[in-house]
Amino acid sequence: MTRILLVAEHDGTTINPSTAKCVTCASELPDAEIHVAVLAEDGASLASEVAGLTSVDKVIQVDNPANSYPVAAILAPQIVAIADGYSHVFGPSTTFGKDLMPRVAALLGVNQISDIMSVLGSHCFRRPIYAGNAIVTVEAPAGQPVVATVRTASYASAADGGSASIEAVSVDADLPGHTRFIELRSGKSDRPDLQTAAKVVSGGRALGSAENFDLIYKLADALGAGVGASRAAVDAGYVPNEMQVGQTGKIIAPKLYIAIGISGAIQHLTGIKDAGTIVAINKDGEAPIFEIADIGLVGDLFKIVPELEAAISS
Amino acid sequence: MEKILVGLKRVVDYNVRVRVRSDGSGVETDGVKMSINPFDEIALEEALRIKERGDAAEVIVVSIGNSDARQQLRTGLAMGADRAILVETDEETDPLSSARVLLEIVNREHPGLVLLGKQAIDNDNNQTGQMLAALWGRPQATFASELVLDGNLAKVTREIDVGLESIEVDLPAVVTTDLRLNEPRYVKLPDIMKAKKKPLEQIPLAELNIEASARISEIAFALPEQRQKGIMVDDVAGLVAALQDKGLL
Ligand SMILES: Cc1cc2nc3c(=O)[nH]c(=O)nc-3n(C[C@H](O)[C@H](O)[C@H](O)COP(=O)(O)OP(=O)(O)OC[C@H]3O[C@@H](n4cnc5c(N)ncnc54)[C@H](O)[C@@H]3O)c2cc1C
Numbered sequence: 001m002t003r004i005l006l007v008a009e010h011d012g013t014t015i016n017p018s019t020a021k022c023v024t025c026a027s028e029l030p031d032a033e034i035h036v037a038v039l040a041e042d043g044a045s046l047a048s049e050v051a052g053l054t055s056v057d058k059v060i061q062v063d064n065p066a067n068s069y070p071v072a073a074i075l076a077p078q079i080v081a082i083a084d085g086y087s088h089v090f091g092p093s094t095t096f097g098k099d100l101m102p103r104v105a106a107l108l109g110v111n112q113i114s115d116i117m118s119v120l121g122s123h124c125f126r127r128p129i130y131a132g133n134a135i136v137t138v139e140a141p142a143g144q145p146v147v148a149t150v151r152t153a154s155y156a157s158a159a160d161g162g163s164a165s166i167e168a169v170s171v172d173a174d175l176p177g178h179t180r181f182i183e184l185r186s187g188k189s190d191r192p193d194l195q196t197a198a199k200v201v202s203g204g205r206a207l208g209s210a211e212n213f214d215l216i217y218k219l220a221d222a223l224g225a226g227v228g229a230s231r232a233a234v235d236a237g238y239v240p241n242e243m244q245v246g247q248t249g250k251i252i253a254p255k256l257y258i259a260i261g262i263s264g265a266i267q268h269l270t271g272i273k274d275a276g277t278i279v280a281i282n283k284d285g286e287a288p289i290f291e292i293a294d295i296g297l298v299g300d301l302f303k304i305v306p307e308l309e310a311a312i313s314s
Numbered sequence: 001m002e003k004i005l006v007g008l009k010r011v012v013d014y015n016v017r018v019r020v021r022s023d024g025s026g027v028e029t030d031g032v033k034m035s036i037n038p039f040d041e042i043a044l045e046e047a048l049r050i051k052e053r054g055d056a057a058e059v060i061v062v063s064i065g066n067s068d069a070r071q072q073l074r075t076g077l078a079m080g081a082d083r084a085i086l087v088e089t090d091e092e093t094d095p096l097s098s099a100r101v102l103l104e105i106v107n108r109e110h111p112g113l114v115l116l117g118k119q120a121i122d123n124d125n126n127q128t129g130q131m132l133a134a135l136w137g138r139p140q141a142t143f144a145s146e147l148v149l150d151g152n153l154a155k156v157t158r159e160i161d162v163g164l165e166s167i168e169v170d171l172p173a174v175v176t177t178d179l180r181l182n183e184p185r186y187v188k189l190p191d192i193m194k195a196k197k198k199p200l201e202q203i204p205l206a207e208l209n210i211e212a213s214a215r216i217s218e219i220a221f222a223l224p225e226q227r228q229k230g231i232m233v234d235d236v237a238g239l240v241a242a243l244q245d246k247g248l249l
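As they're listed, the protein sequences go chains A and B.
If you're matching positions, the first sequence starts at 1 in the numbering used here and goes up one per residue.
If you're matching positions, the second sequence starts at 1 in the numbering used here and goes up one per residue.
If you're looking for bench data, these hints aren't it; they were derived computationally from the structure.
The reader is advised that the hints may include incorrect statements.
One-sided excerpt, in silico: chain B residues whose CB lies under 10 Å from chain A [as the list claims (entries may be wrong)]:
1. Pro95
2. Gln140
3. Leu208
4. Ala214
5. Ala242
Quick caveat: nothing in here was measured; it's all calculated off a predicted structure.
Think of the CB as a built atom: it goes at the ideal place given N, C-alpha and C, for glycine as much as any other residue.
Construct all of the structure, not just a fragment, from the sequences and the given hints.
Next comes the structure, spelled out in structure tokens:
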């Protein structure tokens, strides 16, 4: 029997979409029984949100004032305390899971499989390496828990409609005081979330300034799209870090991705490999982005983007 | 603080487009340009800046690998590290073993801070720093884009999915670097000469008595599904028509 403990990601109020994607991945393991752990300060409504996902068999609610904000060093010992009896411990390959899961794996004394992109068996998976330029098939050793993170862009969300039971447990673990959360600065936006948006418009270094990036926002708004950026645009300060797409930014899989003034470096392309349709707008006909774009348009973005926005709006 | 320990991994240079061997047995690394993992270079740069501000006395670079990794350690010494340690092994170590090796070095050197890259760009695992922190029972501050030392504390800004998070950790701690923490310096020729005189200690891995870990075995390597080059359109009208064709507008 495959018993999977999946660590839910949330912000205290709502469950992050990464959790429903991990559930889909977990449900592809043979004979999987899926339990989802919700570690929060007061997780009652979060737990019932998770209990409504199909394929979830049980929700384990661990309330503790120390869980008011996710800190890996505080969460890890609690997860280890409830991991007994599970063959697998999964989390999302978001910054939350990347930070937390290796700490869990080390406490359990096992290696971790990062970024599962497909499931071949209970201990056999595929994952990307070298910025996605190679795919390796890996097998986890038998007789010890399989700790892994799930590449969320590879999975659709589990649907609503489940009715799992919820069990509140209190965990007896030594929680360290050596790591303290101070604050979170996050650009609130009404636009669709970059990681889940069906359409994304991204701008690169070519935009030249934060003011000029308005062109990208306007086009995105006309399309109802989320907004992303290349590393060069983030480094130059045109947009905040959470908008970076790529190997070291977000890995996304929208139906439509429009890259504007982005050359198409491999590290950027890693982030959009799973996009449905890729559109590239670049003044250099030789730019590598055109090698993988489904629709390419060579020209000056400062002329093209306002025209495109007008055409879509009308 | 007395010492900062920095991990340097030798990896295929980030500009190289890697190729999978035709028999699927691995990624071609013969004759390919090798460099310090870019995130580790940022870790070293940060350590050097801390030392130059007078907040640390010594910067030690450590690598785990075969004797070729001396090249990357020499580069680290040329950048300004004071001494280097190579834990020598011909086999690639898995992240848990790497963390156990680093813990052994930590127990010998007692650094006030360990700086590592958030991930190595070969296996993209993003694990070793977190594992070291867990085994050491110390704080971890991953994906750092700003690091401020304040006595026995470090204030770290972390790049996370929703924005920038600030945390405070007691020292000693493990900090893993993100790209925007700093821009590493270039190595100057005279420094390369000077670095040749700096100490580089080689310790055979077997001497450290590291607990064996069960590896995750790599069974086969393949190319990712390639995207095909699509169509080119001449103008905005053509683009709009193509999008409408696909039902995207
Ligand atoms: C370890 C590592 C990790 C990295 N991770 C990431 C990552 O996660 N994401 C990422 O994006 N990058 C990442 N990078 C950086 C990456 O290698 C590139 O440097 C970066 O993606 C370039 O951004 P860009 O395409 O905006 O800029 P450039 O490469 O400078 O391209 C600008 C493009 O704009 C075009 N252009 C200029 N003016 C106009 C105009 N008026 N109209 C139309 N087109 C115009 C140019 O022809 C050019 O193609 C990483 C690098 C390293 C080493």
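Hints, verified against the model:
Nearest Cβ of chain A to the Cβ of Pro95(B): about 6 Å, under the 10 Å cut. The hint holds. The restraint placing Gln140(B) at the interface with chain A holds, with a minimum CB-CB distance near 6 Å, inside the 10 Å limit. With 10 Å as the threshold, the beta carbon of Leu208(B) stays out of range of chain A, its nearest partner Cβ sitting at about 17 Å, so the hint is violated. Satisfaction of the interface hint for Ala214(B) is found here, the shortest Cβ-Cβ separation to chain A being roughly 4 Å, below the 10 Å cut-off.
At a threshold of 10 Å, the smallest CB-CB gap from Ala242(B) to chain A is about 5 Å, leaving the interface hint in force.
Hint check: a violation occurs at hint 3 only; the rest are consistent with the structure.
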